[in-house]
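**Q** Can you build the whole structure from these sequences, using the hints too?
First residue of the sequence shown? That's 6 in the numbering used here, and the numbers climb one at a time after it.
A few of these clues could be false.
Here are the simulated BS3-like pairs of lysine-lysine, each with C-alpha atoms no more than 27 Å apart in a straight line [claimed, not checked]:
no.	residue 1	residue 2
1	Lys56	Lys68
2	Lys75	Lys64
3	Lys75	Lys56
4	Lys75	Lys59
Think of the hints as simulated: they come from the structure by calculation, not from any bench.
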Amino acid sequence: AAAAAAAAEGATCNSKQADDGSTDAVKGTEIEFPSYSEAEGPAEDHHYASKIAKPFNMKQWQKRVLSEIKNLSTNLPETIWVRAYTEQMGLFRAAILGAKGTPYHDNLFFFDIHLPQDYPNVPPDVYYHSSGRRINPNLYE
Numbered sequence: 006a007a008a009a010a011a012a013a014e015g016a017t018c019n020s021k022q023a024d025d026g027s028t029d030a031v032k033g034t035e036i037e038f039p040s041y042s043e044a045e046g047p048a049e050d051h052h053y054a055s056k057i058a059k060p061f062n063m064k065q066w067q068k069r070v071l072s073e074i075k076n077l078s079t080n081l082p083e084t085i086w087v088r089a090y091t092e093q094m095g096l097f098r099a100a101i102l103g104a105k106g107t108p109y110h111d112n113l114f115f116f117d118i119h120l121p122q123d124y125p126n127v128p129p130d131v132y133y134h135s136s137g138r139r140i141n142p143n144l145y146e
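**A** Put into structure tokens, the structure is as follows:
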């Protein structure tokens, strides 16, 4: 799965043939992705793809979103990756790698983010792709 995801993103992943004939990603292989990237075309599989921001003050909203993009493109930690969608300003997808020393170590978490028309006066909409699993049981009680 990691190799398929890497290939889909244009990265390469070394693989090896196991004794049973299966092919698995080599443990410890590092795949380099840019911390920030832009995707052309619509974000059809994005949770908020149908939400297109129509801000009252479009120029001010665009200026703020471009400021956020500039910040994302230069100031992300190495364990967070963000993709913006050029055709749908205000939509982002983030992947976060769980921190060492936590129960989430080496787990990938994916989020779809939408900056609403009243942003930054209201918080962004964020959807967590859970794959049917819970992050932490204490968050749901």
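**Q** Does each hint fit the structure? Answer for all of them.
**A** Comparing the hints with the structure gives:
For the hint pairing Lys56 with Lys68, the CA-to-CA distance comes to about 19 Å; that is within 27 Å, so the pair holds. For the hint linking Lys75 to Lys64, the alpha-carbon distance of about 16 Å falls within 27 Å, and the restraint holds. A distance of roughly 23 Å separates the Cα atoms of Lys75 and Lys56; the hinted pair therefore holds under the 27 Å criterion. Using a Cα cut-off of 27 Å, the hinted pair Lys75 and Lys59 holds, with the two alpha carbons roughly 21 Å apart.
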